[in-house]
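Asks: Listed below are the residues making up each chain.
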Amino acid sequence: MCLGVPGRVIEIDGLLATVDFWGVRRQVRLDVVDEPVAPGDYVLNHVGFAIRRIHESEIETTLALYEELLGAADEDDLLAADVRGEVAAGGKRRDGDER
Amino acid sequence: MEQIGREPLAVMHVCGSHEQAIARFGLRAVLPPALDVVMGPGCPVCVTDVPEIDEAVALAQAGVRVATYGDIVRVPGSSRSLADAQADGARIEVVYSVTQAVELARASDEPLVFFATGFETTAVATAATLLAGTPPGFSVLSAHKYIPPAMEIVAEMPDTRVEGFLAAGHAATITGADVFEAFVARHGVPVVVAGFEPLDVLAGLARLLELVRDRRPEVANMYPRCVTRTGNRAAQEQLWRVFRPIGGCWRGIAHVPNGNLRLRDEWAHVDARRRFDIDLAPLRAGAPSGLLRQCRCGDIMAGLARPSDCALFGKACTADSPVGACMVSSEGTCRIWTQYGGHPDLGTEPAR
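Chains as they are written, first to last, in my numbering: chain Z, 1 to 99; chain C, 1001 to 1352.
Derived from the structure by calculation, the hints contain no laboratory data.
Incorrect hints may have been included.
Quick list of in silico lysine to aspartate or glutamate cross-link-like pairs, DMTMM-like style, CA-CA up to 20 Å [claimed, not checked]:
no., chain 1, residue 1, chain 2, residue 2
1, Z, Lys92, Z, Asp13
2, Z, Lys92, C, Glu1103
3, Z, Lys92, C, Glu1093
Small disclaimer: the values here were computed from a predicted structure and weren't measured.
Could you put together the complete structure from these sequences and hints?
Replies: This is the structure we're talking about:
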């Protein structure tokens, strides 16, 4: 519950961003992020809210853990399940498009 | 460790995700045996107190729809869990975000209570949601908790062994590293903010040991790519506009001054505690089970015991049939040790 998950911003509509998490697109709220966010930026997300913009120079090391986790984890891996829960916390787009 | 010249040495982290990373990647196997890395009260589901669960169960049993985060549903209150109530026909909705709870409330005229658990990182989302406006049937039963005061409690315990703290990187993303300065000044123990990758955790522990060795009680930020000194000001501003800290019990730990986040008076109209008359007496009349009284979650979260010190661990209390909150939550120490093994020896498989 205190884990954040990074994703890449695809488009922004007011305080709502469409964010790509390893191919799954979800809507994330921008109410509390404290820096301007633009499409292409990475943000750290928790329970459906972006809590920080991650700078480009730092994104690769941040993504590595999550990719290893999601790739290798079996079904009942707790850490991977929490990551998937964080992705699921984003809202679905009205048009239902997840890709 | 040799330079510190005394052992064993205990340090505490306060985050379920840290414990998951430490256990999952077997990090204790590469740490000096005399270094004891213990998990403190870092699992929000585990520290949600019995009366708070009772409030949610009482509302659900009275016919109110209750939406909440998944793990809390199975945690027993004084006599029942939300899952027990659901089995008897109460309407419990599991959500991954407060936004999903608001959507459920919007889709119907019926009242819906969001049972809000989690630390400050999660409370920020609840605050922002209320500030953005919610439908008339929506209200919040806040069981949100604020971590820094709980660290004070552990540091003040007379028999505490903890000589340094590893603070959770994503909570500190919100609060900033400076939030720990007052704590360090008061208690004279170092605090290191750390991230969640194996190297982040090891780097954080290495820095913490250096500070212990050099007797330098200070705050170090080993997760600068997410954490600044002052944190996310916009998030803090929204958090404190909606919530105020009050004293309250953390399950199994103690009364924690300023440890509970409750809605401010301006938010009475969305506060489930003020909108509903919640009667807890029938739930309290059900006596707690003998097993629950033997549960050592409190000692485990205070760093005074390991899961393996509890007579119930792995026997009467398992992941499929949990007795205490630490076995229910994916962030609970007992659940994590069941999944990955706690102190794996190199070359052996963790217990499954």
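Asks: Hint check: Z:Lys92 vs Z:Asp13, CA-CA at most 20 Å. Holds or violated?
Replies: holds (14 Å)
Asks: So if I understand the rule, the pair passes when the alpha-carbon distance is 20 Å or less; does Z:Lys92 with C:Glu1103 pass?
Replies: holds (11 Å)
Asks: Next pair to validate is Z:Lys92 with C:Glu1093; report whether the Cα-Cα distance is within 20 Å.
Replies: Status holds; Cα separation ~17 Å.
The structure fails none of the hints (numbered hints given earlier).
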